[in-house]
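Novice: Sequence:
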Amino acid sequence: LCEVGSDLAVYFSRTASSLGLAYAMSGRLTEGVALLERAAAHARAIGFAYGHALVVGMLGEARLLAGDVDEAGRRGDEAIALARQYGQRGYEAWALRLQGEIALALAAPDVADARFEEAISLAGVRGMRPLLAHCGLGLGHVRVLRDDRAGARAELTAALAEYQAMGMPYWIARAEDALARLG
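Using my numbering, you'd call the opening residue of the sequence shown number 6 and step up by one each time.
Since the hints were made in silico from the structure, they are not lab data. Do not rely on the hints blindly, as some may be mistaken.
Said to hold, decoys possible - DEER-style ranges, computed between Cβ atoms:
hint	residue 1	residue 2	range
1	S31	G95	21 to 27 Å
2	A86	A166	32 to 38 Å
3	R131	A159	20 to 26 Å
Built from N, CA and C at the ideal position, the CB exists for glycine as well.
Start from the sequences, fold in the hints, and give me the full structure.
Specialist: What follows is the structure, given as structure tokens:
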């Protein structure tokens, strides 16, 4: 699938990026980042306009999980630029959420809040329920940074309810953990 001249070349970037992010989210960061780097380079090499923003955004997500906030930020910016270049508003919403998470990592609640709200605006009209729940979880963390426990509890509880309704166990656990840390 990796051969640039192959009819199946386009599938490598999408498949490898999904697997790479799964590796990163399960704690296999080195393998995940390496696979995502390869997928992003491959997408660039074949001119994969349709999904390139998503692939780069996934790489940014993995870099953030690995603690490389600066590189995650660069990849987040690149993902937004690609999504806007190709008019891919859904991928733009995912990249904006990533920028919100990066701002949280930098303890910049105002920036995080703005990015999550931008992502919600784009995701809401597109019915992107998982992304909306992720943004709600992020907004809960913003409220924690602002020492707004009631607001945090409300955002986190709403995100948890959405994750439960969609049957997303990984994210249910994250939302429950965030609520438990509130006390």
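Novice: Each hint needs a verdict: does it hold in this structure or not?
Specialist: Verification of the supplied hints:
1. In this structure the supplied range 21 to 27 Å holds for S31 paired with G95, their Cβ-Cβ distance being about 25 Å.
2. For the hinted restraint 32 to 38 Å between A86 and A166, the CB-CB distance of approximately 34 Å keeps it satisfied.
3. A C-beta distance of roughly 24 Å is found between R131 and A159, which places it inside the suggested range of 20 to 26 Å.
Hint compliance for this structure: no hint is broken.
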